[in-house]
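J.: Sequences listed follow chains P and S, in order. Heads up: take any position in the first sequence, counting from 1, add 279, and you land on our numbering. Heads up: take any position in the second sequence, counting from 1, add 279, and you land on our numbering.
For the record, the hints were derived by calculation from the structure and aren't laboratory data. Do not rely on the hints blindly, as some may be mistaken.
Stated by the list, open to error - Partial selection, computed: residues in chain S whose CB lies under 10 Å from chain P:
1. Glu282
2. Gly344
3. Val345
4. Leu375
5. Ser376
6. His379
7. Ser382
8. Pro490
Unchecked claim - Chain P stretches covered by chain S per the calculated footprint, using a threshold of three residues with CB under 8 Å from any CB of chain S:
9. 332 to 343
10. 360 to 373
Glycine residues also receive a C-beta, built at the ideal position from the N, C-alpha and C atoms.
There are 2 protein chains.
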Amino acid sequence: MGEATIRDVARRAEVSVASVSRALNGLNNVRGETRERIMAAAKELGYVPHAGARSLSLARAHAIGVVLPDLHGEFFSECVRGMDREASRRGYLLLLSNMHDDSEQAAVALRAMRGRVDGLLVMAPHIPLEALERALPATLPAVLINAPGEIASRPALRLDNRAGARAMVEHLLGGGHRHIVHIAGPEGNVDAQERAQGFRDALAELAPDMPVRIISGDFNEEAGEAAAREIVASSAPCDAVFAANDMMAIGCLHTLRQAGKRVPEDIAVAGFDDVPLARYLALTTIEVRIAEIGARAVSRLIDMLEGKGADTRTELHEPQLIARATTAARVNGAAHG
Amino acid sequence: MGEATIRDVARRAEVSVASVSRALNGLNNVRGETRERIMAAAKELGYVPHAGARSLSLARAHAIGVVLPDLHGEFFSECVRGMDREASRRGYLLLLSNMHDDSEQAAVALRAMRGRVDGLLVMAPHIPLEALERALPATLPAVLINAPGEIASRPALRLDNRAGARAMVEHLLGGGHRHIVHIAGPEGNVDAQERAQGFRDALAELAPDMPVRIISGDFNEEAGEAAAREIVASSAPCDAVFAANDMMAIGCLHTLRQAGKRVPEDIAVAGFDDVPLARYLALTTIEVRIAEIGARAVSRLIDMLEGKGADTRTELHEPQLIARATTAARVNGAAHG
DNA sequence: TTGTACGCGTTATCAT
DNA sequence: ATGATAACGCGTACAA
Numbered sequence: 280m281g282e283a284t285i286r287d288v289a290r291r292a293e294v295s296v297a298s299v300s301r302a303l304n305g306l307n308n309v310r311g312e313t314r315e316r317i318m319a320a321a322k323e324l325g326y327v328p329h330a331g332a333r334s335l336s337l338a339r340a341h342a343i344g345v346v347l348p349d350l351h352g353e354f355f356s357e358c359v360r361g362m363d364r365e366a367s368r369r370g371y372l373l374l375l376s377n378m379h380d381d382s383e384q385a386a387v388a389l390r391a392m393r394g395r396v397d398g399l400l401v402m403a404p405h406i407p408l409e410a411l412e413r414a415l416p417a418t419l420p421a422v423l424i425n426a427p428g429e430i431a432s433r434p435a436l437r438l439d440n441r442a443g444a445r446a447m448v449e450h451l452l453g454g455g456h457r458h459i460v461h462i463a464g465p466e467g468n469v470d471a472q473e474r475a476q477g478f479r480d481a482l483a484e485l486a487p488d489m490p491v492r493i494i495s496g497d498f499n500e501e502a503g504e505a506a507a508r509e510i511v512a513s514s515a516p517c518d519a520v521f522a523a524n525d526m527m528a529i530g531c532l533h534t535l536r537q538a539g540k541r542v543p544e545d546i547a548v549a550g551f552d553d554v555p556l557a558r559y560l561a562l563t564t565i566e567v568r569i570a571e572i573g574a575r576a577v578s579r580l581i582d583m584l585e586g587k588g589a590d591t592r593t594e595l596h597e598p599q600l601i602a603r604a605t606t607a608a609r610v611n612g613a614a615h616g
Numbered sequence: 280m281g282e283a284t285i286r287d288v289a290r291r292a293e294v295s296v297a298s299v300s301r302a303l304n305g306l307n308n309v310r311g312e313t314r315e316r317i318m319a320a321a322k323e324l325g326y327v328p329h330a331g332a333r334s335l336s337l338a339r340a341h342a343i344g345v346v347l348p349d350l351h352g353e354f355f356s357e358c359v360r361g362m363d364r365e366a367s368r369r370g371y372l373l374l375l376s377n378m379h380d381d382s383e384q385a386a387v388a389l390r391a392m393r394g395r396v397d398g399l400l401v402m403a404p405h406i407p408l409e410a411l412e413r414a415l416p417a418t419l420p421a422v423l424i425n426a427p428g429e430i431a432s433r434p435a436l437r438l439d440n441r442a443g444a445r446a447m448v449e450h451l452l453g454g455g456h457r458h459i460v461h462i463a464g465p466e467g468n469v470d471a472q473e474r475a476q477g478f479r480d481a482l483a484e485l486a487p488d489m490p491v492r493i494i495s496g497d498f499n500e501e502a503g504e505a506a507a508r509e510i511v512a513s514s515a516p517c518d519a520v521f522a523a524n525d526m527m528a529i530g531c532l533h534t535l536r537q538a539g540k541r542v543p544e545d546i547a548v549a550g551f552d553d554v555p556l557a558r559y560l561a562l563t564t565i566e567v568r569i570a571e572i573g574a575r576a577v578s579r580l581i582d583m584l585e586g587k588g589a590d591t592r593t594e595l596h597e598p599q600l601i602a603r604a605t606t607a608a609r610v611n612g613a614a615h616g
């Protein structure tokens, strides 16, 4: 009682399954009249090829597996949107699977893809490199996105977190801010690590006299709120906060204002990601064009699958600073102390 | 040179493929010693079953197809997140496909799923019912989400847009607002239609003396801005705006304030969806728990697939009003005029 | 307990 | 131009 198969079509058109396959796939070695009879039979039966059987026979699924961590809302959807756009443009479907924080589960998720997809897109800023390498089926093409390092012969895309952090430090120093505090992301996350390191390096180079102050966080709003309370309570000078992502910046912003601090007059606040909220709150941030990165990852993977160049280099994507009101330049020089 | 197959494992363990299959699938009719030899061989070869072949043999793919329209960011990701949570909990993968505005493309997207998934989740508030029905493979189980009507024997979930709109009208009237303008969503979209109709009906019942005023929009921020300009320019009284979604409400809010209107003192503003932005802008809105709806849709589909009751009823999800500052009650009675 | 052989729905090879 | 048939990798009757 299932769907009609190629055999049903063959029977109805009174030809062999081979001819049906040829006709339906547009091969030219089939007589016009025969072709028409086949097409008619197919239409009458509402025949649709069985993609599973097809991919078994062709050894190509025309699907690519996408394994993402638990991303903050807008980031996730934009990433998938970018991927889907490019994938559907090139005739591929996306098989989705969330990889939670656990390395074990990540391996399971990756194995589940075997035999259903032609290649993998893996974003894993929080999985140790060796674990990732081990979990990745050796023969399955894969493109890494923001992995915590490079794996030989695996093409990869990376966001240039360091450059973003550096740009922000330059921007803040240029605005007359001197005592910049960084709110870091989760420890195991490469993006967080690189942003923190970029902050450290930029400060060491551009303002070597300033002490480097970093408060730990976890990318959630609450961490930003906690950091704000710590900053307000502390006697250490602080005239600017650079959070490792927008959500923490936003939490910080709110709490600072509630505590009576004026932003940016007393303390400037900046984030990273440029989530839609950032624009509405006039939050200075680093724009990460995640949809573009996703689309590009798909494109590289498909190029690989179709033999159009197996470029195995790591591609660095430069983020861009978006200056808004929360980091307006200081007007006087009363920054010290 | 591909991955190891079940045959390779059989050869290495010196047994038949049947025994390998049995051992790997945990059947009990295999001797302990044999099983261990098989397990060892599988591990040594890094064998992972080929899901494609498996599903062809079992006639079950353990995957479900998700066909969504081009959703606004957060809405999309939350929906997919909810679906993925439930799907992975029950051992299914999600095959994603965006269905753009075109009915033709929708049909193509649906057909591409044949032979790869066990069932379909379709959200199509913008596709005419007949087109949707025609495009849906007759024998493939499917759960409809916010479809523009009901299809016999197809289980469905719906957001109760009318109830949401009515709750908002009650809230606004209760706050002393009298001249409420509705900014509608795109014409072909059921959610938009139902919200507008709910607005009309509620007003007709609760404030029959008030004229019903509706400005057309398209769910985008710009439409809200345009509506705001129209409201400001018009001589018709207006002390409250109820937009069919948050993004339009937000656009409206900004433009009204830029035009010197105080919100909510001069004009109250409300939206629909409760996107994260809404909370930060203190926008009154209707909370739509889309992740929950997505998870529930998956759950119903899998129940169906596994024979645990083929409940074909339409399930109505009640949204909830979230009152925030943009619709604070009027303090005096100077509303008329 | 174990093995042989067939079927799942296609495509591709090799005849004719 | 067309047809018979062997793959593709797996599960599972059925036989032993």
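J.: Now tell me if each hint is right for this structure.
T.: To see whether the hints hold, each was checked on the structure:
no.: 1; hint: Glu282; verdict: holds (5 Å)
no.: 2; hint: Gly344; verdict: holds (9 Å)
no.: 3; hint: Val345; verdict: holds (8 Å)
no.: 4; hint: Leu375; verdict: holds (4 Å)
no.: 5; hint: Ser376; verdict: holds (6 Å)
no.: 6; hint: His379; verdict: holds (9 Å)
no.: 7; hint: Ser382; verdict: violated (16 Å)
no.: 8; hint: Pro490; verdict: violated (32 Å)
no.: 9; hint: 332 to 343; verdict: holds (count 7)
no.: 10; hint: 360 to 373; verdict: holds (count 6)
Figure legend: structure checked against the earlier numbered hints; hints not met, in rising order: 7, 8.
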